[in-house]
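Under the numbering used here, the first residue of the sequence shown carries the number 379, and numbering increases by one thereafter.
Because the hints were derived from the structure by calculation, they are not lab data.
Computed beta-carbon distance windows for the label pairs:
id: 1; residue 1: 743; residue 2: 623; range: 52 to 58 angstroms
id: 2; residue 1: 441; residue 2: 632; range: 18 to 24 angstroms
id: 3; residue 1: 453; residue 2: 651; range: 36 to 42 angstroms
id: 4; residue 1: 470; residue 2: 447; range: 19 to 25 angstroms
id: 5; residue 1: 498; residue 2: 421; range: 16 to 22 angstroms
id: 6; residue 1: 441; residue 2: 607; range: 34 to 40 angstroms
id: 7; residue 1: 445; residue 2: 747; range: 49 to 55 angstroms
id: 8; residue 1: 747; residue 2: 516; range: 54 to 60 angstroms
Below, simulated DSSO-like cross-link-like pairs (lysine-lysine); rule was C-alpha separation at most 30 angstroms, straight line:
id: 9; residue 1: 551; residue 2: 596
id: 10; residue 1: 776; residue 2: 704
id: 11; residue 1: 743; residue 2: 728
id: 12; residue 1: 721; residue 2: 766
id: 13; residue 1: 382; residue 2: 394
Even for Gly, the Cβ is constructed at its ideal location relative to N, Cα and C.
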Amino acid sequence: MKFKVPRGTSDVVFEKAEKKQLVEDTAITMFERFGYRPIITPTFEHTELFQRGIGENTDIVQKEMYTFKDKGGRSLTLRPEGTAPVVRAYLENGLASRSLPVKLYYCGQMFRYERPQAGRYREFWQLGVEAIGTKDAFIDAEVILLLVRIFEEMGIKDLELHLNSMGCPGCRKSFSEALRKYLADKIEHLCEDCQKRARMNPLRVFDCKVRGCQSAIKDAPLISNFWCEDCCNHFETVKGLLNDMGVSYILNPALVRGFDYYTKTTFEVRTESLGAQNALGGGGRYDGLVEEFGGQSTQAIGFAIGTERVIMAMEILNENFSAGSKIDVFVASIGEARKNGFKILDSLRKMGISADMDYAERSLKGQMKLSDKLKASHVMILGPDELKRGNCLIRDMKSGEQTEIKLTDISLWAKNCFKK
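Between the sequences and the hints, there should be enough to build the whole structure, so can you do that?
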């Protein structure tokens, strides 16, 4: 029997893994540059955490969660998103006692039972940040700016920043009532799922991609008409700060995101290069989630990035996109010289230089081919003749230039060649 990966999952190997690592390293460098610190939460949590946090009537909770009972009869769920676990950890570990806001970042796998397609998987990787403990509009601007700067750092140029405000619970309640009345007259034009949403959670209709539903909400009420003075002022401040920083954006009143916990600022970065699944990352405020989980009233904001989609966008926009993984030195040795080559290999690695050698007893010609596949910048050749002279040959693989040095001078050569 041949085993294959489960549907909606994939193996991440070689160049694909290197590209993923490059995306993560770039994002994490930016996270830390903006003052965010790492947090790691469990891959699974108690199911109620997501039911209460994301919302009972969302598609994620009703249709997409991987939920199971353990041997103790406890209902557990593989995390479908990262915010609820981080908020739970914030409370459980007493992080509220630290200087606020607490700025955290995470990187990990998420799980949703969705129909697999390009850019959408059942197991997928996310990078994200959460800034917990402030209502200041400046943190909204910082988080949005961070998301945009990450994609700029990755060389993704065709970006669209979509911006909206969901208002506070009071604004949302008034808006939901008006939207429910509007949808009641359009109910026959909605898909089966949206007919249920229109009654139970009308904002979720904006998430639907069915053409009939999109047409039905074309003239729907706008959330901006229901903002209170505080929500209006907050959003104006966020927009003003983005304008000051030269960040362009598109006001999108239909942007509600997929979770019920969002309040006030919501945002999403898209790229047309990905077609239908065009969102690279997004997020928003969730000023009521900490309190929903048993904490004090605490404002917060965050975002998540879809790693696989970022890689897809970079591959589409740059045909030569490569992680650039290579070996600094390949030690090509044959016969008795292999023992010496193995010692040289270890000394180079101790110096922080990436180095490799042949472990299949290939001929010298075969080892040179291997070094080329490994993209080695230099090849150190050590055979019986070189060993007798106490020397080795070094070939610069870019220029083709070849020099002979003493074995005792290898450390000096390496220091001069690879100044790290």
